[in-house]
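A.B. asks: What follows is the residue order along each chain.
Number of protein chains: 4
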Amino acid sequence: MTTVSDRYDPGPQIAQVGSINIGTRDIEKSLWFFRDLLGMEEVQRDGNVAYLRCYQEFGHHSLVLTEQDDAIVNAFSFRTRRPEDVELFYNDLQAQEIEAVEIPAGHEAGRGTAVRFLLPGGDHPFELYYDIDKPEADPSLRSRLPSNSSRRRGLGVRRIDHFNIQTAPGRINQAEQWVRDNLGFKRREFAKFADSNTIMASWMSVTAQMHDLAIVANFEEKSAQMHHLAFNLESFSDSLAAADILRDLDVSYGAGPGKHGIGQAMYLYVHDPGSDHRVELYSGGYLIFDPDWDPLEWKAVDFPEGLTWYGDPIDTTPGNRGRDTTGSAPLYLSRQLA
Amino acid sequence: MTTVSDRYDPGPQIAQVGSINIGTRDIEKSLWFFRDLLGMEEVQRDGNVAYLRCYQEFGHHSLVLTEQDDAIVNAFSFRTRRPEDVELFYNDLQAQEIEAVEIPAGHEAGRGTAVRFLLPGGDHPFELYYDIDKPEADPSLRSRLPSNSSRRRGLGVRRIDHFNIQTAPGRINQAEQWVRDNLGFKRREFAKFADSNTIMASWMSVTAQMHDLAIVANFEEKSAQMHHLAFNLESFSDSLAAADILRDLDVSYGAGPGKHGIGQAMYLYVHDPGSDHRVELYSGGYLIFDPDWDPLEWKAVDFPEGLTWYGDPIDTTPGNRGRDTTGSAPLYLSRQLA
Amino acid sequence: MTTVSDRYDPGPQIAQVGSINIGTRDIEKSLWFFRDLLGMEEVQRDGNVAYLRCYQEFGHHSLVLTEQDDAIVNAFSFRTRRPEDVELFYNDLQAQEIEAVEIPAGHEAGRGTAVRFLLPGGDHPFELYYDIDKPEADPSLRSRLPSNSSRRRGLGVRRIDHFNIQTAPGRINQAEQWVRDNLGFKRREFAKFADSNTIMASWMSVTAQMHDLAIVANFEEKSAQMHHLAFNLESFSDSLAAADILRDLDVSYGAGPGKHGIGQAMYLYVHDPGSDHRVELYSGGYLIFDPDWDPLEWKAVDFPEGLTWYGDPIDTTPGNRGRDTTGSAPLYLSRQLA
Amino acid sequence: MTTVSDRYDPGPQIAQVGSINIGTRDIEKSLWFFRDLLGMEEVQRDGNVAYLRCYQEFGHHSLVLTEQDDAIVNAFSFRTRRPEDVELFYNDLQAQEIEAVEIPAGHEAGRGTAVRFLLPGGDHPFELYYDIDKPEADPSLRSRLPSNSSRRRGLGVRRIDHFNIQTAPGRINQAEQWVRDNLGFKRREFAKFADSNTIMASWMSVTAQMHDLAIVANFEEKSAQMHHLAFNLESFSDSLAAADILRDLDVSYGAGPGKHGIGQAMYLYVHDPGSDHRVELYSGGYLIFDPDWDPLEWKAVDFPEGLTWYGDPIDTTPGNRGRDTTGSAPLYLSRQLA
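Chains as they are written, first to last, in the numbering used here: chain V, 551 to 888; chain Z, 551 to 888; chain P, 551 to 888; chain Y, 551 to 888.
Read the hints as simulated data drawn from the structure, not as lab findings. Check each hint, because a few of them may be wrong.
No distinction is drawn between identical chains; accordingly, a pair holds when it is met within one copy or between any pair of copies.
[Stated by the list, open to error] Taking lysine-lysine pairs in the DSS-like style, the calculated list, with each CA pair at most 25 Å apart, reads: (1) 736 <-> 849; (2) 742 <-> 849; (3) 684 <-> 736; (4) 579 <-> 849; (5) 579 <-> 742; (6) 849 <-> 684; (7) 736 <-> 579.
The following block holds chain V by itself, in its conformation from the complex (with noise of 0.2 Å):
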């Protein structure tokens, strides 16, 4: 007899954007723009390697910069909700004959053993993992506030919280129910090329939050690259404040602040200098209690405003650096599985 127990067993889950790892040609540079400028904590450095967290977390690393001749991205990390969940996903993913390799601990600082596989449908590299570890902030950062690691220094990022990916139209609905079947994700909001029932672009989550992952298509050759990556600040007026301090900076600043219609977050990109990938700086924004949540389909003729509902408008042609008009944006290419 089937209960409603086994009805409902959950699986093994992802809980939450853990971290991401990415080559950058000067790791100095990287460091001057995630750790002094927009606050990090550099928790470790091993030679090339280096291992930072944002002020209210607590795992060992959000981010890690590898000095690299290629500035693509290592991998995209998640955590799962229980240790198991890791051993089942590398069970799910044999079951799939989908290729993945098991990671053992330490590979990250840090970290415990990991399975890693290329996303089907989107050749992005992914890992998950459960074990971090936690360790204290160095006496001279400690907040006196505990549900900080550090105390808030810079611009003030707070902890990671998204990764906006783009795989090829041919493939990107493929890649998109994939991780909703397979990691748990669930559709928040949507748009569909006009008269398709290609996905434009999709904003899914395993948490409250509108997005934790976003995929969207592309018309480039190489089909796998991240658009960018996002930290959270606190509020609306950090996202102002550092738009003005960026903006006096000799940095390559893209676009915003505006605030997206999508997810009602607001946003501001900005380049590090040293790896050139799109960092998003992203405050306020809606939260999904309902357990039954309609996904929201934006329609071609809404979407401008589903990307600026007011402020700095998105430019989406390829390429597009926003305000920085001095160049075209690279392709970042995903690393590859070995």
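Given the structure of chain V, go ahead and fit chains Z, P and Y onto it with the hints provided.
C.D. replies: Just chains Z, P and Y, lined up with the frame of chain V:
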């Protein structure tokens, strides 16, 4: 053989704070406060009962105003994760020999079947339900943003946020333990009385919020009363604008604005002139996505800055009304079961 | 012997922007906009003329709405520093053989005698006055703060801020020089056309504000038109809240929010649906107290970020209406002298 | 014959708050506070004297830190409107038989000749000057905005705002009257002791600010002390961010943030750890352009909300340090004349 899945069957679960049903001696005054001043939508009016929701809520109501002699709380309602959870919870209560009442669909307009019981250790009337209508707002109020059920108006309350309830010190540990064991709330931050194992206050959630429900000890003769009901504002700046406007109106202002160390959110307390219930306008705060969150304990010496990290101090003397020194806060007993 | 005092006799002076009298084809729509939406107080209504003021203004009005066929500007009014300055200015105009008209007290309700003339080089109708009634607000609107004439309401405009007027490039230098020489405005920031001595735009003030009056060149056939009229909001955050609310209403939104590099203030443009005049909601900005302020010049290469340091870009194409792409901005000729 | 011009000859005038010279027992700690934390620019260092300015100030300095045994105020300096006003003021002082000292150019680096005297009725050392160098910031600090002398940094103080000085009740009326009659300050808001003609506090300005100088009565034995020195922040939100950061540092926090009813500005008090002087971070407030402003009187019954309209209450008990309960505020006598 016990499988992993069996071990982790979640059983019935609470998804979110649903709504509150409060008595008011003057429903027109309460409507002025919640609808005209705070900006809620009056979805339905049935004689002496009014149903309201906030501009980012799609369910039929998050607040029920019932005109009656005693301004007690008629029900604290929570929504379950799955339709069948309502019955599963009922079975659990029966198994524990806790008296529970089935409330038929439509008892609160737009809502399906609910189960009602008194919180063990707290005597607060809790109701659990899943089904809720999702009516469209009147065309004159609709928003162009699909994630808003109506346009932002008034002081801009966007959703119900949490309940803060009180019980006697001799029974608080029982109440707090019960909601954790049986409703799936997780303890996020807490404080105990000095040199005691008795909980002074516990902030708990079933969502990524730091708390959906707080249980606080009090020393009044009558143990079951609500301290406050909270609605969420979009930003700290909205809290400041609300404070400015509220201070200039003939309403009973409580305390705030200030920032709690506990939860890092901004508070502002004001009393509904119809019911005299204390309402918190709440903004900001950190979110919890870590599946292994370790509850944060506040020691007595630090507790004052847990209450007020900065801003208008909160006076926890029983009956204190903050800036309104014209009287003491009355006891708001919660309605009993039948 | 010439004494120090003689050398520095200031002569007649302008103290502040006083009010504007605009034509509107639909006074009820304009009242909805300025009174109900922006939050102004309707101080007096005389048939087809309405007098309004902001919540931190004590004078009888800062805005006059006159229902008439042409939505032109009837008068830009400035208040003098001393009662006798009105006559002194009149004498000065006579001495320069500039046609001037004396307007009797009560021509605008609550206002004393004024002198009216057309700006040399610009043809805009200027009026200078000193006496103005300071009526108390209706008791239902009064604030408990003595520095507010009424309570903050609606989008919270607190005072008239500045005028931005346009004239033909061939005459702009004359107009700008005239207001500096004769009305005591000081040039604070400015730009010239490339390789030219012709002023493109000049921001000038008689107060500590960066500008009370801007004169900008345009190439339209008709030279004298107003670009916008500005009201002041208390904070940047009020600008964001206003943008959110305005985007969700059926009003013709212009551009913003964004921060000007020029003046470092936040802008938000919207059109009054009754008159179609462009109204700026303006917040922040730096103040000038230095008695020897050196006007800041913007070179053409930097001018775009003078207009928009961050946020929604301003399109200076004639007729541009920002986000409202349904039509072009009409020319609003200023009313002639008689 | 007396002409209009004669009657209104303004005579020598004060244009603005210029700078303050304070003693500090530990200049390195004070530099950490004002330069590294508040974000001021260290323009010049001459042995035990440091000169600093804010990011929107062009003059050589607005703060002088002098390392010395007594952390007294060495000088409150105001800048005159015209070069010759310095000598004209000197003549006026001579005519009134008030002892005045001429201070040569360069006594404070970058500054021209000044005249020094003790405020009649208050004994505070005032200095008046006009000439001040306007050095460019070091290239590494320069802003791309021409209205900023350097980039915004730290907590973002953008200019010196006002002084709040105290004197004995028996002499305060004399002091307040003297600055109004002789320095051109206008009374903007004020309070008197109940049933008395004695001023309790008076807020006065020579600019559009509600106050550049406040004089407040105290009952301490020593009459002449500074209550605080204020710097201006760009927005209320900057005040909140500053409060958050200051609360988490080992500095002596005072009171705030809160909004004064008087002036409608936000306050936040903190003590410089080098000198222990109280510093206010001040934002917002209304501006006065009305030439016939009628001073607003606060009655005793309303005075508490004049101090605190909302937010952290100000305790006016002598010696009170707000949240820092470790000691009482020391008396900061102002330096005498010679």
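A.B. asks: Hints the structure violates: just list their numbers, smallest first.
C.D. replies: Violated hints: 4, 5 and 7; rest satisfied.
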